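**Student:** As a plain string of letters, each chain reads:
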Amino acid sequence: MKRLFFGGVHPADKKELSASVEVKMTKEPKQVTIPMTQHIGAPCEPLVAVGDTVKKGQKIGDGKGLCVPVHASVSGTVVAIEKRRHINGTDELCVIIENDYKDTEDTSMIAYDDYSNLSDDQIIEIIREAGIVGMGGATFATNVKAATSMERVKTLIANACECEPYITSDDMLLRMYPERVLEGMRIICQVLDPERVVLAIEDNKKEAIAALKKALVNEKKIELVVLPTRYPQGAEKQLVQAVTGSEIPGGELPKSVGAAVFNVATFAYTYGAVCLGRPVTRRMVTISGEAVNNPGNYWFRIGTSFEYAVEQAGGLKDNVWKVIAGGPMMGLAQQDLSACTIKGTSSILCLSEEQNGEAQEENPCIRCGACVKACPMKLQPLYLHAYGKKGNVDELKRLNVMDCIECGCCSYTCPAKLHLVETIREGKKRVKEEM
Amino acid sequence: MKFEVTSSPHIRSKNNTQKIMLNVVFALLPTLLVGVVRFGTQALLLTLVSVAAAVVAEWICGMVIYHRNTVKDLSSVVTGMLLALTLPSTVPYWVAAIGSAFAIILVKGFGGGLGKNVFNPALAGRALLMLFWPVYLIRYPQVGTKGNAVDMIAGATPLHHMQMPALPEESFMDMFLGNIGGCIGEVCTLALLAGAAFLILKGIISVRIPAAYLGTVAVLTFVFSKGDNVFAWMMYSLLGGGVMLGALFMATDYATSPVTPKGQVIYGIGCGILTVVFRYFGLFPEGVTYAILLMNACVWAIDAYTAPRRFGTKKGETV
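As given, the protein sequences belong to chains A and B, one line each in that order.
So in our numbering, the last one in the first sequence is 435, and the numbering has no gaps at all.
So in our numbering, the last one in the second sequence is 1319, and the numbering has no gaps at all.
In case anyone wonders, no lab produced these hints; they're calculated from the structure.
Careful: at least some of the hints might be erroneous.
Listed below are the simulated DMTMM-like cross-link pairs for lysine to aspartate or glutamate, each with C-alpha atoms no more than 20 Å apart in a straight line [said to hold, decoys possible]:
1) A:Lys59 with A:Glu92
2) B:Lys1002 with A:Glu353
3) B:Lys1019 with A:Glu361
4) B:Lys1014 with A:Glu290
5) B:Lys1002 with A:Glu290
Model, not experiment: these values are computed from the prediction.
Next comes chain A alone, as it looks inside the complex (with noise of 0.2 Å):
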């Protein structure tokens, strides 16, 4: 098959683990822990104190600037805010609610069934409000990215191709909602008004496309991409050269190329927010890997400890060595079980040690080049890791460090098994300082 974007590695999808089975509802846990920090920029400030009553889907975080504002997830008393685990390692400032299970829903946002007389600014101002940033993971301000493409884009793209491995919370959300999405993309072609409208979706997904075509059958705008899969597809730069042909220079955002792109699961929540009143209080969370016993998908509450995520998910196995916020190629390794869900949260892998075999020591690098043809930004990882080795920040930046995604390609084919990615990421850090 033609390949639509450089390099890029395939290995095996293993989605039929999670894929296969219904997603299911769980009971919500007796407390959720909803960090300030689940988008990129500065952290929320709480709204609300300890011993305040707060109601499923009220404000209780919110800021400046790339903050989006966060709410409760479910209805009960704030018991405590302080610092608690975060997936991304650190400990963050957090709202601790106790559910009363009642579920009582704060309704001061509107639900409007026809929204095509609501101003652009409006639109906006309702997604910021509901709490959406790029729910594929990047966790990026949904508001702050929809505004400033507004006079810039001619393509605008819906990205389905979750091309991780092992998840599928977006390929279950595209089963069962399929309306959903298409009337998101509607609602932010309003704002936008792109010439192509693009649903980019990998071809391993065949039911989701099935009811995508079902969905689309009187659509004249909305256009169903189907790629061939190959990892990393889904990252944007490669999504947007695989859709439309063109690159976006380095240090560049998709508008410069006239593109915007945004997760199928993004305008799933915009249809929610605009036209159902709802704000982001819950998520699909893809548990799988081999070392889980009942892999699947499940709604969660956002703020869900994966310790209770994982015991709905019928618990650990014994064989159980990784435990991962997010897909296998660039997702969170977890020390324990004690963070918490959040927006980006598409899902917890628990690895097991067959995966730890391939995983083997280092072994000097062979030259053997499977790195450069790997790579999707064309870049040589075989020099950038031995510049990084040495700090040798000049070269680092010669050879375009700063262009690196991070999607683990060169590491996942380097013979030798050279933590190639890692190294490379402190070479990211070290120019960064220096500039």
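With the hints as your guide, set chain B onto chain A.
**Tutor:** Then chain B, alone, in the frame of chain A:
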């Protein structure tokens, strides 16, 4: 409960150095087999001695230089095999052993170990032997003479005829199937091509270096032909001597060839030009060894000047 925490990615491909080397050994087996059929068990024993010397030398390097056991990556087996294949079967065993030890200890070990050596160890080993004991290396057993070195009549290979210059008497088919005199691993083009095709299909080597190398030799020997029959001269140039073994298995050595696609093509063309120049103007009929060794020295410079175009920039644009 505590879990393992390391940097992403958390999954790895099943590929590793040892598997790659094992595949190269497999790819060389048809060539070795033909060598043994043509030149007798002596060819097999010589290869085994060369490999054994390389492995022992690697083990010593592991103890003294690297401080870890590197024998299991099998790269020394490949080096030992490749060196033996560049030698006539009549070479004394001790000569092959010295060549292997030199290749592994001085060229690779002192060069920094696997992947850091500048020169192809097997070819550097051969170059050393050529310097000290050329008498063993330029006497080739004829096909079918399966005796020991004393009984062997040293004969001329097709390449010697070509230095006259004159077209050899052997048919293309004899040369393709290895029914000619020469070094153990250079005579049978069919076996070499089969092995290389296996490596290319497995994605272990790219077709760029061999294609650029052989293509350049073909073009140059066609344009600057020394034979009455231009096409025949070109074909004999490609089929004779070590150019096939060199282009398919020596020039494609990872450590001593460029990693950039453009660089690989330039490197292959360079090897081709130097091979023809050495063959036409050199003292010996063969020039592959020195052509590749010289190009080895240029690899870092070639890589530096052929870096891939930066993502998001146009051709020739520098950002």
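**Student:** Against this structure, judge whether each hint is valid.
**Tutor:** For each hint, the structure was consulted:
no.	hint	in the structure
1	A:Lys59 with A:Glu92	holds (18 Å)
2	B:Lys1002 with A:Glu353	holds (14 Å)
3	B:Lys1019 with A:Glu361	holds (15 Å)
4	B:Lys1014 with A:Glu290	holds (17 Å)
5	B:Lys1002 with A:Glu290	holds (17 Å)
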